[in-house]
Structure formats: C-alpha cells, structure tokens
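Could you build all of it, start to finish, from the sequences and the hints given here?
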Amino acid sequence: MKILLVAEKYPPIVGGGETHLHQLAEGLVARGHEVTVATEAVPDGPERRLYREGAVRIRELTGLMDACQRLDAKAAVANLHSVFTTSDADVIHVFNYVPALLTSWLRPVIGAKLAVSLFETHMPGQRVFDLWGDYPLERSLQRGLVDNLRADVMVSGSQAYRRWALDAGFADQDIHVVEFGTDLDRFREDGAARARWRTRHGVADDETVFLIPARPVPRKCIEDAVTALARLAARHPRTRLVLTTPTARTLDSYAGKLRALADELGVADRVIWEQGLSWHDMPTLFSGADAVVLPSSHEGFGIALVEGMASRRPVITSNVEGHDEVIDHGRTGFLYPARDAEALAQYMERVVTSDLEDLVTAAHAEAERRFSSAAVAAGHERAYEAACAQR
212 MKILLVAEKY PPIVGGGETH LHQLAEGLVA RGHEVTVATE AVPDGPERRL YREGAVRIRE
272 LTGLMDACQR LDAKAAVANL HSVFTTSDAD VIHVFNYVPA LLTSWLRPVI GAKLAVSLFE
332 THMPGQRVFD LWGDYPLERS LQRGLVDNLR ADVMVSGSQA YRRWALDAGF ADQDIHVVEF
392 GTDLDRFRED GAARARWRTR HGVADDETVF LIPARPVPRK CIEDAVTALA RLAARHPRTR
452 LVLTTPTART LDSYAGKLRA LADELGVADR VIWEQGLSWH DMPTLFSGAD AVVLPSSHEG
512 FGIALVEGMA SRRPVITSNV EGHDEVIDHG RTGFLYPARD AEALAQYMER VVTSDLEDLV
572 TAAHAEAERR FSSAAVAAGH ERAYEAACAQ R
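Letter by letter, the sequence shown follows residues 212 to 602 in our numbering.
No incorrect hints appear here.
So the derived label-pair ranges between C-beta atoms look like this:
| hint | residue 1 | residue 2 | range |
| --- | --- | --- | --- |
| 1 | T410 | G467 | 23 to 33 Å |
| 2 | E579 | D416 | 23 to 33 Å |
| 3 | Q384 | D551 | 37 to 47 Å |
| 4 | D551 | R361 | 41 to 51 Å |
| 5 | S508 | G355 | 23 to 33 Å |
| 6 | G355 | T410 | 48 to 58 Å |
Below, simulated DMTMM-like cross-link-like pairs (lysine to aspartate or glutamate); rule was C-alpha separation at most 20 Å, straight line:
| hint | residue 1 | residue 2 |
| --- | --- | --- |
| 7 | K213 | E596 |
| 8 | K213 | E237 |
| 9 | K468 | E434 |
| 10 | K468 | D551 |
| 11 | K468 | E485 |
Since the hints were made in silico from the structure, they are not lab data.
Ideal Cβ positions, reconstructed from N, Cα and C, are used throughout, including at glycine.
This is the structure in structure tokens:
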C-alpha cells in the first residue's frame with residue numbers, strides 16, 4: 212500500500228504528536244508499505260538529517276506552519292494542491308484541524324481514500340483547536356469540516372478522541388480507535404545513563420527525583436507540581452523536580468511564571484530545568500528520575516505516561532479524560548483529582564516512603580501488552596484496509 216501522511220510538524224520538532232507520526236511512518240514501512248510524509252520544511256542540521264534519511268520519504272513544504280498558526284494559508288494550499296495532484300497514494304492520512312480544513316478545500320482533487328486524525332486536545336467551552344480563541348467559532352468550523360472533508364475513515368488515538376469526534380459529527384462506523392503507543396525498546400531501565408545524568412546535575416543517590424515530561428504550556432498545569440514539591444519538601448527535603456523546555460515548543464511567559472513560583476515557594480534550588488531537548492534525550496531523563504508526574508487539566512491520552520510505565524517508573528497523573536484510559540488507579544499508577552496540589556503531594560510522598568515494585572511491574576507489563584509502536588502501525592494498517600475495502 213502507498214500511504215501519504217500530511218502533518219504540520221514532524222521531527223526533529225519535539226512533541227508527542229510529532230513522535231507519534233514518526234513512529235507510525237517507520238512502523239508502516241516495517242510492515243511493507245511505501246510511506247511519504249508531507250510536512251513543513253525545517254532548517255538543515257544534524258537533527259534534521261537524522262529524520263530525513265531512511266525508508267520514509269519526506270516531502271517538505273513551505274507555508275503549513277504559517278497556515279496552522281496564523282491561517283496565512285496561500286502558500287500551504289498551493290503546495291498541498293501540488294502534493295495531492297501528483298501523489299499516487301492509495302491512502303492519504305491528514306493530521307489535525309487546520310491541515311484537515313485545508314484538505315477539505317481541495318477534496319475534489321483527492322482520488323485516494325482519505326483518513327483523518329484530530330489530535331488537538333478539546334477543552335469544552337474554551338478551545339477546539341486554539342487558533343481563533345473563540346470557542347463558538349471553532350465549533351462551527353469543526354462541524355463544517357465533517358461535511359466538507361468527507362473522510363473515509365477517522366483514526367482516533369483513544370476513546371476520549373473518539374468521543375470528541377462523535378461530538379463533532381463524525382459517524383461512529385467510520386471511527387477506528389488505535390491507541391497511541393511508543394518505541395518501548397527505547398524506554399528501558401539504564402543504570403549507566405541514570406548515573407551519568409544524576410552526576411551531571413549533582414543529584415545524590417538518596418534524593419528522589421520527579422520528572423514532568425511535558426512542555427511548559429498552561430494546560431499542563433505544571434504549577435501544581437511545583438506547589439506539590441514545596442509541600443512535600445517540608446517533610447522530605449531530599450526531593451527534586453525536573454522540568455523540560457523542548458526547543459521551539461516552550462511558552463516562555465509560562466515558563467517564567469513557573470520559575471517565579473518556585474522562587475516564591477523556596478524550592479527554586481530543587482527544580483532542575485532541562486533545556487533544548489529532543490525526543491532522543493527523553494529515555495535518559497526517565498532513567499535519571501525516580502517517578503513521573505503529569506498534572507494536566509486536559510489531555511486526550513498521554514504518551515509520556517506510557518514512556519514512564521515502560522521505563523519502570525511510578526506514574527502519578529491527573530484523573531482526566533485520556534489519562535484514565537492509560538492508568539488503572541492503584542494497579543499501574545496513581546490518578547488524583549486534577550488541580551488538587553495537596554492530593555498530588557500525597558501521592559508523591561508515597562513514592563518516597565513506599566515500596567511500589569508491584570505497581571511498577573504491573574505498569575510495565577501493561578505497556579508491553581497495549582502500547583507498542585508496532586501495535587500502533589498494525590492498527591492503522593487495519594483502518595486503511597477498511598477504508599480501501601469501501602466502494
């Protein structure tokens with residue numbers, strides 16, 4: 212099967228969606244398919260070349276990021292038209308709202324079967340895809356997209372995304388749920404990497420380190436983890452927090468507020484900032500840490516939770532849509548009420564004081580059973596085959 216994937220961003224740009232796309236493309240190639248990714252061009256460099264060499268063909272475009280971030284769409288529409296009219300793909304799979312909206316304008320020239328995935332996190336009453344900052348307007352565009360795109364299949368990464376797709380108006384029979392996953396082989400216990408990371412940051416063996424594997428944007432609610440650290444440190448001073456600032460994916464004003472809060476609460480010296488990270492750096496961070504915390508107010512899944520489970524680290528996360536599909540509370544991790552910093556601090560204290568080996572073992576087994584990148588590729592293959600079987 213010839214498959215064309217269309218997305219605004221692709222590695223080396225860092226993010227859960229970008230990592231998912233890369234691993235999906237590689238996984239489909241491993242299953243014998245011919246895969247092309249049409250995505251925004253990025254400056255040349257070692258990181259770019261790492262993702263531009265191999266069996267996945269990358270067709271770089273200009274204008275997609277301008278369209279997705281400012282709806283300056285003239286160049287993107289022209290370039291997508293060129294891609295669609297010259298492609299011999301059997302299936303075209305477009306990711307996220309603005310690329311899907313642009314594709315809907317060009318629907319008459321698409322002869323291939325059309326798949327769509329909409330992975331923006333829906334925040335009821337606040338945002339659908341966060342371009343206009345006007346919820347009723349974005350809801351109107353969402354409903355129009357369903358009619359105009361006429362997708363043959365919708366691939367959702369979780370039951371939460373499926374519910375949001377149904378709410379948007381997609382037909383239930385066209386939705387295939389393929390749970391997100393990750394390259395589990397990259398997220399393993401690594402004692403040598405752990406020792407190097409902790410030595411580099413001056414972290415002693417008896418200190419407990421909590422990793423927040425999330426880019427600093429407001430819906431990640433990282434301030435709750437900083438507040439929880441301050442409460443925990445009053446009882447257990449040998450505790451640390453690791454925050455990440457991926458290249459080009461950090462909201463600097465929000466990161467500044469987090470720094471100010473840590474200073475105000477007297478824990479600035481306990482917060483380690485990892486800057487300029489790529490996805491390839493993340494396994495080392497998971498190895499160096501003792502537990503993973505993801506305090507978001509809204510999510511559709513949580514690939515970082517899976518990475519923590521695969522790394523044999525206890526996972527503590529907010530009890531929101533998506534997260535509750537990954538974590539079985541008390542068995543494979545801990546769920547706490549979103550925005551409750553005191554509850555978060557209590558579960559962080561359990562990491563310090565309790566033996567959680569049974570929980571970690573169960574979580575690792577769950578990751579192996581459900582969340583491999585190979586399973587993701589196989590699930591997409593089934594969805595594409597179902598679309599191609601339609602008349």
